[in-house]
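Protein chains: 2
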Amino acid sequence: MIKPKAISWFYENLPDAQIIEDNYKDIIKKNYSLSWFTSLDTPHIERIETLISKWADDNEIYAIKRLKAEWDEKNDFELWLRFDLTVPLARYVAQYEWELVFPFKRQQIGKVYRWERPQKWRYREFYQADIDIIWNSKLPLFADVEILSTIYNALKELDFWSFIININNKKLLSWYLNSIWVDEFKKVIWVIDKKDKVKSIVPMLEDLWLNEEQINHILSYINIWEIRNSSEILNFFSTFEDEQLLEWVAELKYLYENLLNIWVEEKYIKINPSISRWLNYYTGTVFETFIEWSELLWSISSWWRYENLTSNFSKNNYPWVWASIGLSRLISILNNLWKIELWSKTITKVLVVNMWEEYLTNNVQIVKYLRSIWINVELYLDSDTKIQKQLKYADNKKIPFVIIVWEDEIKRWTLQLKNLVLWKQSELKIIDLEKSLS
Amino acid sequence: MIKPKAISWFYENLPDAQIIEDNYKDIIKKNYSLSWFTSLDTPHIERIETLISKWADDNEIYAIKRLKAEWDEKNDFELWLRFDLTVPLARYVAQYEWELVFPFKRQQIGKVYRWERPQKWRYREFYQADIDIIWNSKLPLFADVEILSTIYNALKELDFWSFIININNKKLLSWYLNSIWVDEFKKVIWVIDKKDKVKSIVPMLEDLWLNEEQINHILSYINIWEIRNSSEILNFFSTFEDEQLLEWVAELKYLYENLLNIWVEEKYIKINPSISRWLNYYTGTVFETFIEWSELLWSISSWWRYENLTSNFSKNNYPWVWASIGLSRLISILNNLWKIELWSKTITKVLVVNMWEEYLTNNVQIVKYLRSIWINVELYLDSDTKIQKQLKYADNKKIPFVIIVWEDEIKRWTLQLKNLVLWKQSELKIIDLEKSLS
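These protein sequence lines map, in sequence, to chains A and B. If you read the first sequence in the numbering used here, its first letter stands for residue 30, the second for the next number, and so on. If you read the second sequence in the numbering used here, its first letter stands for residue 30, the second for the next number, and so on.
Please note: incorrect hints may appear among the correct ones.
Copies of the same chain look alike in the list, so a pair counts if it works inside one copy or between any two.
Unchecked claim - Restricting the straight-line Cα-Cα distance to at most 25 Å, the calculated cross-link-like pairs of lysine to any residue (SDA-like) are:
id: 1; residue 1: 59; residue 2: 244
id: 2; residue 1: 54; residue 2: 378
id: 3; residue 1: 94; residue 2: 72
id: 4; residue 1: 415; residue 2: 265
Think of the hints as simulated: they come from the structure by calculation, not from any bench. These numbers come from a predicted model, not from an experiment.
Given the sequences, and given the hints that come with them, work out the whole structure.
Below, the structure written as structure tokens:
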């Protein structure tokens, strides 16, 4: 006998939690589709040559091999499980560049694999829900508006809790550090990125030989978004006489104002010049989304822009905007905040009690009718089970309605409908079922 | 520069084919849900102890390992990619046996992995769409009716081409072989299972030392379904005076008649006593579904019953009915038969032409309105692109409608709607859009 167990940090749901995850997936997919992102489904496995590049962190990789590889097959691993959906897409775009119509917009909701040391909200197999816009010529700033508003629409419809989308252009931060004579940008940005995860970044900045004045400037800079609203922040940067800076600020302003004027409620969006993703392959504006009032400062959705992600695969230049909702992480954070209510163990709305084999045809007709009007319905499988036990089954599974047909009802062409929530029972005709169930 | 390429025998779709696959998946999922199969999503990876058992074929296995496994981690592979959705479910049922409510019905549409020698319609990563009913006590025969009718409903709504569900009880074949004094059942059944893949099975039967009379009996037995209809076949078996046989025939008859009376059109279903799946873990009735008039005798959907699949994991007994649609194979066979029409490269129904940055707000309002009534709409991303090029883009992607707003229209609160299929253009108010697009 083998003790059955799943693999640590690979999650799986019980049926009630799976209903929630499916529902989240459907809402995200519907919103992505409404904004014309076409769906893709690349393999979970890629060649090592595809994934190996400046982006991959070897430590996190799962490699794959045929178990009974023959002697003449190479011993080295040549296949890896994908660690994100972006690198496979870069390969896909380059491979099919002559078949695709640009601007190319894709969505993909899929599992990715990363070996990580055990820690909260870091699964080793988890869902990402990505959207991307790729063009073979200059990608207009409106693409960023489209990407962001799509993410906003999806998060809004998920209706889980308040969230705030923090927007920045990473170059603003570099520019500011430069203006206060900081040399080691990268290291300082790395420290700033840690600000929500450590008590104070001051000792870390001191270690980088920054003086007190510089440190105070940095501290007030990264807090500016808390004390100033987005327009004030944009105005603050507009006061500097630096043509390059003003161009970046104008971009940010275009983005912010277009979002605001047209799509997005102000309270969900915030210019935050301290957002500073460490990842080195994005080049422009970025966002991170946090759940409001949560002390868990894990981003649930991010976005950035690359000038040319396919450079490893194609001679052609493909500018690129990407955004993603971290579906598995979002759900796990909401669970932790007790914000997800498991409302049902089943997708069934109606249970038809099954008492006599000779009434089977009659019962199945009811089932057939309800399915024809798109109501999920279940006929209890076994006619030998006592009615009390069948009702208990409905109760255990939180099925809201039960239909019972006795001999008398068959004669009268009616049925008994029991509402298990309100604990009410009534006799009605089959044609009146639809409105009684809604 | 790396030449981008996918892995052989791992398939991926271009956007137009992906629209078809998504649509197939949605229809199958909807039908499974209507028949109250709750959705599960177990990991793609399982422990070796879970998968290793009498069922696994070592040769087909992909094993997984952390690439940079540390010295103190074991060198042996401990994780495998799943090769079906059934063994992981057996593990799941045993692991959560006290949390699940029985009868437990699940659906899962997911990828599985099998290394196989390159051959047509055998991918190494492919989708299966499974349904299962599991109980912790005797599983009534009605479960088989429910499973089969659900598969039938899904295939019917896919509306691809004609199909025939072939039903059998494997024991009939054994019984018949016994009645003609054949000893080596398993080997003979293995040969019979090959009947559609070789020119003649006679030489193979001769190799098993069967005499001419026995061979003739077998040949006429496996052809009986072609010359007799289902009722005649049931009657044929009913003439034998063997209590055990009659019980099996009665089961088959119950199944066939219930399907026929209630759900299934006669032309889609056939009693075929030659169906003889080789797999050794099913114990009762089985089916295989073939596409009619196709010479490609690859099953696209199968079903069987186990008396106790979880025996390796739990002391408790769980009888089990399983069925599956081989989604990837079905689509690939239909493609080969030219039965799938790629009708669109996009899910977009309307393109809004984008000509002047100053009209952006106006255009986006149209987009927003259409999305609010669930119409997939696309605003061309770049206002600098000439209108001819934007129209060509819509044409390339086969987007059926285009909306154009000139200055005049804005003044009149109207828009121009161009139907690219009928090549017609008309001026209308935004509130009249919905009916013009339907």
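Hint check results:
{"no.": "1", "hint": "59 - 244", "in the structure": "neither (46 Å within a copy, 58 Å between copies)"}
{"no.": "2", "hint": "54 - 378", "in the structure": "both (21 Å within a copy, 22 Å between copies)"}
{"no.": "3", "hint": "94 - 72", "in the structure": "both (15 Å within a copy, 18 Å between copies)"}
{"no.": "4", "hint": "415 - 265", "in the structure": "neither (74 Å within a copy, 37 Å between copies)"}
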